[in-house]
Amino acid sequence: MMTMCNHPTSGQCRLPVRAAPTLFRRLRRADTTKDVERNVGEVIGTELRTVAPQRAGRSASDESSRVATLQHAVGNRGMADLFGGVQRQPVEAPGADVGAVDTADPATDPGDGPADLLDAAQVVEARRYYTAQPWRYTPSIIEQMRAALDLPPGGGLDDALIQAAGRFQSASSAPELTVDGKIGPRTLPRLFRSGLNEEGEGEAFGEEVQTGVIDQWATLATPEARRDALVGLVNQPLVAHGSIAVTPGWDTNTNNSGSFHFPTWEMRIGREALTPPTLSADEAKEIADTLYHEARHSEQWYRMAQLRAGQHLSARAITTELGIPSTVAAAAFADPLDPASVQGLVAQGWWDSVYGAGSAHREAVLTEVEAADTAMKAAEKRNEEHPSPANQAAFDAAQARFLRSHHNYTELPEENDAWATGPAAAEGISGGTPAPAPAAGAAPAPAAAPEPDDVAPVRDATPGGGELIDEPAGAPPAADASSHEILPDENLP
Amino acid sequence: MTAFLDDLQHLRTALLTATEHNHADMQRAAAATSFAEPANIHWQDGYAAFATIRPKQAIGLADLKRHLGAVKHLPKSPERFDVRTYLFVDTMPHEEDVGATVIVTTGNDSDDVLEVTIRRDQF
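Chains as they are written, first to last, in my numbering: chain X, 1340 to 1832; chain Y, 280 to 402.
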């Protein structure tokens, strides 16, 4: 996950008071992803002009601190907030309380039957999405979708299913799902929770991080000990849910607070985050969120390996195709995922994005987000060192480019899922590191400065044949190549 | 280049025979002069699971391909956008064999090898 907190003096990153409420107000009015993009772009431009109306005359440190805090707002968990962190309000039925936010999970509490969100054309398009992929949306899968949306059985792909899917998408947490009635690679894992994204799992992990690492920060003493303790904790739910433990490592990319390196099955964590002698509550939440986000990626990769085992690839072929260690491939081979199951369909969506027909798009998106981040930092530096309207405009443009690229990145199915999963761990964090105990005879150390109240802590197969397949896939296994096609995806631009 | 390839081969061989309690050869191979610093070795279940090194002098992916064979371009790891990763398929062991698979990373805009990982694989 990308972090760009680079406040020049305090090391703390907070969104300017004036910027925070404006950003969230505009986001609450946004109805679509494109609206969010436009709104955020407009807001960022407005805020930068508002907070620095006479940019050429302001000091570089003033500007860099505001820009840095806004940059941090668009990194990591901050991005989750910017692109739908506030739960969207569903369309109110006539007479409904306009100010109410419906937080009910439509899968378990259909509530009072809010108005349909999709028009006739959208319903037709959504139905076509399902009927064009009968090998994926089998009668069994459709029945399970109906059950998950609390619909009576036997209705097939009726309007009720499609509208219920739309309502479910509308009530989703960040990153927001496009409301189109298509239960595809982004909606499926949220509708059919499994493993680390099951209810309560993330928060339980966060509580373990609080007591086992945050509260023991001084005792653990070194970044290595803290890293190893954190990875030890996240391995517990991974193994408990039938996935594979990860190995701790260091992430050398200074843009990152953490990453999952599947060739060596490492959870690589940014040393900088684990080095300070104390942590604020926000910093502790960031760490928990990052760990859980990356752990979810490891779970995804293992499920993809299990899926390919279920599609009759050998362990060696899985190792070659996915690039994962042979030990992980062997474990997956011994515990295959049924491709026709719901979790098989979930894993198929991830595989399509990473290794299948979506892989070139993914590569381009990830390359662009890195390039856009680098360009934004360079534009910021130029503007700091040589403030001018032209350099400010260039920085605004670079920031807008970055926001677009980051949005595309969070729309990748495997990232969309991890971004939706990570924040649950932060919910289990109750505070920062304890104040250090005073030395014998010394005055008690001052408590850590309280969080300012008025600043939002914004932070960014396939069916195979019966024979074992031992060749690495440049293409999916035979029998039915169409099972790996990417059909019009629910959220493709 | 020749020295690096020789050192890499020594490390690959040593990795396969090393154990946590008997790894003198591995230590010597890990400290080769063509490496920017001694190899970072990860142990798992008593064996060297993988070792990571950085070349001291610039080496291109094309140079390694001439000696180690064809590569498979792997997808980017999650949240690691600044590098490309390649697996040398001919270095993987065959079925019912154990071997030291070679995986390298380069920058997005350059073929210069940033990091080489030697991973113990067994089928």
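By construction, these hints were calculated from the structure, which means they are not laboratory data.
There's no promise every hint is true.
[What the hints assert, rightly or not] Which stretches of chain Y does chain X cover? Using the computed rule of at least three CB atoms under 8 Å from a CB of chain X, they are:
no., region
1, 316-329
2, 352-366
[Unchecked claim] Listed next, the in silico SDA-like pairs over lysine to any residue satisfying Cα-Cα at most 25 Å (straight line):
no., chain 1, residue 1, chain 2, residue 2
3, Y, Lys344, X, Glu1538
4, Y, Lys351, X, Glu1766
5, Y, Lys344, X, Glu1702
Think of the CB as a built atom: it goes at the ideal place given N, C-alpha and C, for glycine as much as any other residue.
Against the structure, the hints come out as follows:
1. 316-329: holds (count 4)
2. 352-366: holds (count 11)
3. Y/Lys344 x X/Glu1538: violated (47 Å)
4. Y/Lys351 x X/Glu1766: Given pair Y/Lys351, X/Glu1766 is violated - Cα atoms ~40 Å apart, limit 25 Å.
5. Y/Lys344 x X/Glu1702: holds (22 Å)
Going through the hint list in order, the structure does not satisfy hints 3 and 4.
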